[in-house]
Amino acid sequence: MSGFGEIAERLRRSTVEVRIRGNRGGGSGVVWDPSGLVLTNAHVARAGEAEVELWDGRRLAARVASRDPRRDLALLRILADGLEPATPGDSGALRPGELVMAVGSPLGFAGALSRGAVHSIGPIDGMGTQTWIRAGVRLAPGNSGGPLANARGEVIGINTAIVNGLGVAIPSNTAADFVARGPRPALGVALQPVPLGLLLMDVEAEGAAASASLRAGDVLLLSLDELHKALDSGAEVLRLRFLRGAADAGNERLPVREASVRLAARRAEAA
Amino acid sequence: MSNELTALSQQLAGVVERTGKSVAAVHGHPRFSSSGVIWRPGVIVTAEHTVRREEEVTVTLPDGTNTAATLAGSDAGTDIAVLRVEHQGGAVGKHAGGLPAAGNLALNIGRSKNSGVNATWGIISAVSGPWRTWRGGRLDAYIRLDLTMYPGSSGGVVVNVEGEPLGIATSALSRIAGLAIPATTVDRVIDEILSKGRVARGYLGVGLQPVELPDHQKGLIVLSMEPAGPAAKAGVLIGDILIALGERASADTDDVQAALEAHGVGKSVEATVLRGGASRKIGVTIGERPGRS
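Chains A and B, in that order, are what the protein sequence lines are.
Per the working numbering, the first sequence starts with residue 7, numbered consecutively.
Per the working numbering, the second sequence starts with residue 47, numbered consecutively.
If we strip away everything but chain B, and leave its shape as in the complex, we get (with noise of 0.2 angstroms):
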């Protein structure tokens, strides 16, 4: 007996089948293990917080076979690490880049050590434009899965009933549902992990909070700073308001990352500050966020 449904189904199995092939278990974790997708040729993609070991990462690849994999850098802003790999194997199909619809069906592929490729079924629930995760990276889009999120699921790949890849599979970035990384964002932070083994963030070096002004404008009040930091050598002071940052005003935290962005790491940015209720511009070289440690 066939019917629509048993043609969905082996739709299914059959992207879960071509797709499996491109997708890893990742040893990164004392306590458990994680997807991770060959997203080029040698280069494995998985979710940073899935990985706590900066030696000693394994892989299962997709024949079965343990490899070790070295970790080329990561990004906890977007929940990406990258690691490399001596396998060559093929690396998952490319993308359009485009975006999936809330509401279109979904499958999350990954893989563990003992059952081989594992897959979870849903649904788009939301689909909206670039926005900043709560760990400080941008996303270039936000894509909300209705799917069940397992032990394991993070850092499997997020693809179409079509096979084609949307993202990187998430459960860290918001508390109420899975999310896929974006598959744009993937590429980008892998050529910049890449190229100079980490996403360099701008900093300044200050402790801010959005304080409401007197002519109804907002702005950031310094609460701490950073002794040698990129503000406090531009003679910034513990008190002042900040209003703008280069030519976009700082209402919120949000402001001054998008500013930070924009200009660049090493760039000099004009800051405009109230001191005593006198506003004054102070340059600022934007420094770099320290990583962990």
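Isolated chain A (complex conformation) (with noise of 0.2 angstroms):
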């Protein structure tokens, strides 16, 4: 027989705290595979290396393996043995009112598990056209990157944030494509939506937009749905319109320019 208490202890094994070192704060983190493969939010593992916390105390270098920042998700490598990977569930066959529980370290308090249930499956106003699953689970900074489970303690959704008091987790399904399928294509900038359209903040050096000879300031003449749509249409190649200049000219007509951007392909199937 399988309680909360039960099923949270066996999570708790597969759960792992995540610091970023000279960071305040940190998340959680899943382990994936017994290899050591640990899955976190994007926002949790923003720099190329961390420190990982095992349930039992051991602490762990870990190098950031794979980043998608689109959809919030990280992939941890760590060197260790004995680890307990989660059993990920299917959350394609999540239904709302479901039993779930959370676990992490919300404010730094390890193993911290809540309780709920399934509230809704689906777009979130303002938060693109992806799946999202809510959850009436509290949830506090901390949690994120760590794991939501079913009744029966398999992994549905990487907690990811607070939304209304709602927790808001990516489903499981979006997760393992990304394990097996690594990052989906992205410009490699920072954007912000302006009135034109999307004005670049921010250019990776080595970024796809980077390399199309895009820079900070330029405005892409769509919106962001339309932008991630035209990612995950599988087009290896985007012709993105934009304008240079916008900030600094005033009523004059500016030209619209064109940039082809080489997308980096994904793996097709499951390594």
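The hints are simulated quantities; they were obtained by calculation from the structure and are not laboratory data.
Glycine is no exception: its CB is placed at the ideal position from the N, C-alpha and C atoms.
Please note that the accuracy of each hint is not assured.
Said to hold, decoys possible - Only some residues are given here: those of chain B computed to face chain A with a beta carbon under 8 angstroms: (1) S55; (2) A59; (3) E63; (4) G149; (5) N150; (6) L153; (7) I169.
Join the two chains into one complex using the hints; note that each chain is given alone, in its own frame.
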């Protein structure tokens, strides 16, 4: 017989605390396979190096193996024996009303358990078109990257945010796709929506946008949803229309330029 | 692996799936949406405080389609608004009219336009008898919920683990918790709104303040008066102390509300007042409380 307590105890052994050196706070993570892959949020694993603390107190250096900022997922690689990976569930079969529990390190309390029920499954206003799991579980900063599990103790989501008091998790099927196929194509930029389109705030040196000669300050002439759709279309090359120098142009009409952005190919099948 | 928790989890999800087929999203407020329940075929009930438009109210039906709804009427006192839609889809299950017990598990089932059906889970935290809301309406029972009310939760249906409707959830009737407007109250208010377009509430047209009388009695002193209101027409004066309305002593404004309800709009009732220390009886014809305008 398994109740919340027994299931939570097993889940704790698959849950880690993630800290970034020099940063206050941190998050949680899920041991995804026995070889040392740990899944967490991209917003938790910001730098290339992290420290992971296992349930038994072992502290290990971790390398950020892969990041997908668009889906807010990251994979850490650790070297350790005796890891107890979580059992992933099928988030596609999840229904509102199902009992769920979250384990993590909210506000630094390692192994804390919250329980509740699935509130809804679907997109959230202002958070793109992707599917999220919302759950009536009490989360706090530090739960980010940790597991949301169903009544069988299977991980069906990665706790990521709190919106209007509800816990918001990335579905485990999305996480499994990320682990198997790597990050989805990205421009490698920091964006901000502006009336004309999307302003590039920052361009990563080696990213796809930088290779196509896009620069900070350029304004892409499309919406965030349109950009995400284009990035997920499977196309290898995106032709993006943009304006340059829009900030200083005043009333002057600027020519619409076009950039061809070559996207990194994804792995087709599970590795 | 199967266990009791899994069985309960699947039962709850099953109730949400079945009941969700009778729950709509209601777009009746400029800033937020709420939930509504297809209580009878073509009749959607929601929380009155979430409807701030008389026209252009739309609903997202369980099948995901959007349709226009007309406001048949609403009652701020019980926080119930009744909408009519063309949709003839399945109404929520019948209720036995019984009350839950404190400690029973309960679900509140709502809907939003984007993410579909939604559910919160908790317990019934308190149940007691008939109760008057701070908005002046009478609920057949006080059913307090220990489940979190999120934006959009109001107007959803509160059900037990068997899926039997217990009432409509509202966050506007109590500061400390969500409440369920009892199913029997919902029935009564719908009947009244569908037959008369509104819930008529008795009205005297006076402002009253409780006062202690020398003989340890209590009464209500008339502090203000609607110029052409029912009490003014009957000859009540400012400064009169109301000590009884009909057979019922008036120690508190609740007593007056109860007496008005017992007699009904249009009926005559004998008011006993103290004027200059002397008791006198005045016949008042109960008026109807004017609506919000």
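Okay, the hints, checked on the actual structure:
1. S55: holds, 4 angstroms
2. A59: It holds, given that the least Cβ distance between B/A59 and chain A is near 4 angstroms, below 8 angstroms.
3. E63: holds, 6 angstroms
4. G149: Interface hint status for B/G149: violated (17 angstroms vs cutoff 8 angstroms).
5. N150: Violated. Min distance 15 angstroms.
6. L153: This hint holds: B/L153 lies near chain A, its Cβ roughly 6 angstroms from the closest one there, short of 8 angstroms.
7. I169: violated, 12 angstroms
Checked against the numbered hints given earlier, this structure breaks hints 4, 5, 7; the rest are met.
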